[in-house]
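Colleague: In case you want the letters, here they are:
2 protein chains.
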Amino acid sequence: MKIIVDAFGGDNAPLEIIKGAVDAKNEYGVDILLVGAEETIRKVAADNQISLDGIAIHHAPGVFTNNDSPSAIRTKAMADTSLATGFRLLKEGEGDAFVSAGNSGAIGAGSMFIVKRIKGVKRVAFAPVIPTVSGKAMVIDSGINTDVRPAVLQQFAIMGSVYMNKVIGIKDPRVGLANVGTEEHKGDELRQETYKLLQNTPVNFVGNIEGRDVPLDGADVVVCDGFTGNMIIKTYEGVALALLGKIKGIFTKNLKNKIAAALVLGDMKAFKKEMDLDEFGGTAVLGCSKPVFKAHGNANAKTIKNAIRVCKDYVSADIIATVTDAMSKISEAEGGEA
Amino acid sequence: MKIIVDAFGGDNAPLEIIKGAVDAKNEYGVDILLVGAEETIRKVAADNQISLDGIAIHHAPGVFTNNDSPSAIRTKAMADTSLATGFRLLKEGEGDAFVSAGNSGAIGAGSMFIVKRIKGVKRVAFAPVIPTVSGKAMVIDSGINTDVRPAVLQQFAIMGSVYMNKVIGIKDPRVGLANVGTEEHKGDELRQETYKLLQNTPVNFVGNIEGRDVPLDGADVVVCDGFTGNMIIKTYEGVALALLGKIKGIFTKNLKNKIAAALVLGDMKAFKKEMDLDEFGGTAVLGCSKPVFKAHGNANAKTIKNAIRVCKDYVSADIIATVTDAMSKISEAEGGEA
Numbered sequence: 124m125k126i127i128v129d130a131f132g133g134d135n136a137p138l139e140i141i142k143g144a145v146d147a148k149n150e151y152g153v154d155i156l157l158v159g160a161e162e163t164i165r166k167v168a169a170d171n172q173i174s175l176d177g178i179a180i181h182h183a184p185g186v187f188t189n190n191d192s193p194s195a196i197r198t199k200a201m202a203d204t205s206l207a208t209g210f211r212l213l214k215e216g217e218g219d220a221f222v223s224a225g226n227s228g229a230i231g232a233g234s235m236f237i238v239k240r241i242k243g244v245k246r247v248a249f250a251p252v253i254p255t256v257s258g259k260a261m262v263i264d265s266g267i268n269t270d271v272r273p274a275v276l277q278q279f280a281i282m283g284s285v286y287m288n289k290v291i292g293i294k295d296p297r298v299g300l301a302n303v304g305t306e307e308h309k310g311d312e313l314r315q316e317t318y319k320l321l322q323n324t325p326v327n328f329v330g331n332i333e334g335r336d337v338p339l340d341g342a343d344v345v346v347c348d349g350f351t352g353n354m355i356i357k358t359y360e361g362v363a364l365a366l367l368g369k370i371k372g373i374f375t376k377n378l379k380n381k382i383a384a385a386l387v388l389g390d391m392k393a394f395k396k397e398m399d400l401d402e403f404g405g406t407a408v409l410g411c412s413k414p415v416f417k418a419h420g421n422a423n424a425k426t427i428k429n430a431i432r433v434c435k436d437y438v439s440a441d442i443i444a445t446v447t448d449a450m451s452k453i454s455e456a457e458g459g460e461a
Numbered sequence: 124m125k126i127i128v129d130a131f132g133g134d135n136a137p138l139e140i141i142k143g144a145v146d147a148k149n150e151y152g153v154d155i156l157l158v159g160a161e162e163t164i165r166k167v168a169a170d171n172q173i174s175l176d177g178i179a180i181h182h183a184p185g186v187f188t189n190n191d192s193p194s195a196i197r198t199k200a201m202a203d204t205s206l207a208t209g210f211r212l213l214k215e216g217e218g219d220a221f222v223s224a225g226n227s228g229a230i231g232a233g234s235m236f237i238v239k240r241i242k243g244v245k246r247v248a249f250a251p252v253i254p255t256v257s258g259k260a261m262v263i264d265s266g267i268n269t270d271v272r273p274a275v276l277q278q279f280a281i282m283g284s285v286y287m288n289k290v291i292g293i294k295d296p297r298v299g300l301a302n303v304g305t306e307e308h309k310g311d312e313l314r315q316e317t318y319k320l321l322q323n324t325p326v327n328f329v330g331n332i333e334g335r336d337v338p339l340d341g342a343d344v345v346v347c348d349g350f351t352g353n354m355i356i357k358t359y360e361g362v363a364l365a366l367l368g369k370i371k372g373i374f375t376k377n378l379k380n381k382i383a384a385a386l387v388l389g390d391m392k393a394f395k396k397e398m399d400l401d402e403f404g405g406t407a408v409l410g411c412s413k414p415v416f417k418a419h420g421n422a423n424a425k426t427i428k429n430a431i432r433v434c435k436d437y438v439s440a441d442i443i444a445t446v447t448d449a450m451s452k453i454s455e456a457e458g459g460e461a
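Listed in order, the protein sequences are those of chains A and B.
Each residue of the first sequence is one higher than the one before, starting from 124 at the first, in the working numbering.
Each residue of the second sequence is one higher than the one before, starting from 124 at the first, in the working numbering.
The following block holds chain A by itself, in its conformation from the complex:
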């Protein structure tokens, strides 16, 4: 299995990306194709005593920055960037999956317009898997589509269920519709219509889910528009950071508290790891016809390594064939009703 990695995406590129890719090769036994300015990659690796033995490099001199407009990913002017080149290599079958920590909007656009969608899929979506109080949950979409229709949310429910089942291993994943209350009539027209549609969709729909119940494990797949999902994910991250920061403050306040910290050190470390979004690496781009994974913009080597591990599971689970199949069944059912 070969994972294509954008060496020039994210705040810590290229050093942390190269490190993470090399670590993933060694740990997970995957082949790596690094994309970016070859000379710079070799120099950074040499300067940091990183061996590139067994790592392939595809030269792409340009860099797609966060200030570039996402839609520019398709333009000729940006074709030589590591991000656009990575997408092209994935499309041409030069690797099995593509990882980048670069411009989020451009990763959405590249998935949608260069690699293209799975047949029948209306929109691609960011679908991060986050820790909950007793497991993991996916929030789909969490950033690409601010404006959606019920049929789009229905597809998110299906794609999310397939991923949580095949990649995360949850049997019959519970699908919840993110809403401002649990009763069927709650929310705006989009939510009310989607509720009805999900009742007649072959997923394990458990009804509306409020923001409060996302971290409390109220559903395995939380379905929402990208604006709402982004708010859930980012608020989650901020509250976790704020609380962990406060606890750190308590544990370093004075000698007595430092002793307490020493006593629970191992458990607190395990807890922090459990809550660490870096452990989750970023988000798959669901609906794309080949596996694309967006790592956090501030990804470090660990984040990239984890992202590559998730890509490996994503490729192995062959969820794209399953989603393709599910989509054709849904469109048949729609045809049958019409």
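If you're looking for bench data, these hints aren't it; they were derived computationally from the structure.
Glycine included, each C-beta is placed from N, C-alpha and C at the ideal position.
Please note: incorrect hints may appear among the correct ones.
Cross-link-like lysine-lysine pairs, in silico, BS3-like; alpha carbons within 27 Å at most [said to hold, decoys possible]:
{"#": "1", "chain 1": "A", "residue 1": "245", "chain 2": "A", "residue 2": "214"}
{"#": "2", "chain 1": "B", "residue 1": "395", "chain 2": "B", "residue 2": "148"}
{"#": "3", "chain 1": "A", "residue 1": "435", "chain 2": "A", "residue 2": "142"}
{"#": "4", "chain 1": "A", "residue 1": "148", "chain 2": "A", "residue 2": "289"}
{"#": "5", "chain 1": "A", "residue 1": "396", "chain 2": "B", "residue 2": "148"}
{"#": "6", "chain 1": "A", "residue 1": "369", "chain 2": "B", "residue 2": "369"}
{"#": "7", "chain 1": "A", "residue 1": "376", "chain 2": "B", "residue 2": "259"}
{"#": "8", "chain 1": "A", "residue 1": "379", "chain 2": "B", "residue 2": "396"}
{"#": "9", "chain 1": "B", "residue 1": "371", "chain 2": "A", "residue 2": "259"}
{"#": "10", "chain 1": "B", "residue 1": "381", "chain 2": "A", "residue 2": "396"}
{"#": "11", "chain 1": "B", "residue 1": "395", "chain 2": "B", "residue 2": "381"}
{"#": "12", "chain 1": "A", "residue 1": "395", "chain 2": "B", "residue 2": "376"}
{"#": "13", "chain 1": "A", "residue 1": "376", "chain 2": "A", "residue 2": "148"}
{"#": "14", "chain 1": "B", "residue 1": "148", "chain 2": "A", "residue 2": "379"}
{"#": "15", "chain 1": "A", "residue 1": "199", "chain 2": "A", "residue 2": "242"}
{"#": "16", "chain 1": "B", "residue 1": "369", "chain 2": "A", "residue 2": "392"}
Not everything, but these chain B residues come out facing chain A in the computed CB check (under 8 Å) [to be verified]:
{"#": "17", "residue": "266"}
{"#": "18", "residue": "269"}
{"#": "19", "residue": "291"}
{"#": "20", "residue": "326"}
{"#": "21", "residue": "329"}
{"#": "22", "residue": "364"}
{"#": "23", "residue": "399"}
Derived list of chain B stretches under chain A, where covered just means 3 residues or more per stretch with a C-beta under 8 Å from a C-beta of chain A [unchecked claim]:
{"#": "24", "region": "229-241"}
{"#": "25", "region": "373-379"}
{"#": "26", "region": "387-395"}
{"#": "27", "region": "413-422"}
With the hints as your guide, set chain B onto chain A.
Modeller: The following block gives chain B in isolation, referenced to the frame of chain A:
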């Protein structure tokens, strides 16, 4: 100052409501007018050794439940409920503010249609004040209006600024627009247009704010539609509950950890209190022409007591006159532009 209290709102009514109201009278020196079935109130108080000395009661035999449709608050059939009666008493000047832990939607509707809006205000809004890593922030709206226009969000920014200044004591409150990125062009049409409008509004607009920065103290007033605000507030609550639950699990895991817990007990208690949404009591209904406060549905005596304290500050700060004044200035400015 007299606070009208709905004795039959919320999961723990009437006992906890009566308790909290009596505690508030004793602690803050406010007069209380309890609304609800008088006989029941007197019996519950007697059964629990609560003295109702100095507490006024207005008999209203009906109860407005969470299953009742919010718009029914205006109907004749519901006129004898404690909730509808409380609104009517407030409107008629029988008290200075009204507190209820009852049906959220009905509290919004009662504020809007029975007590009525401040002149010039387009919509009333829930505007809870929540703890941040280094202070407090308001999220306005957090549940009433799922569908808004830029001019409505502009008013939320103004009302929120006045409240945070006059009630919470923040000088020149920073106003942030909840969005999926910080750059001006981010988000949907609503966000983009509101951004431009807020740049020309007499508030301290600091730009877009992502969910991540709400708990990290990125703004004092977070402006959003009610769907988004509800997601932020509820996710915040859920993550806090999940994390505090995990920490409790660590501290009770074994003897060693219990010793650690004992060492940091005082600091952890202070931290829990700081993060406790019950300390914040619920939310003011901003834009209403008289002070209305919605306490959490699961409010206990402490929540109600705190809600009454907030009401006292709300009445004392006389923010309604200030908001009325600000609204007339905005509409003059709009008139000038037209």
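Colleague: So which of the earlier hints does this model not fit?
Modeller: 5, 13, 14, 19, 20, 21, 23, 24 and 27
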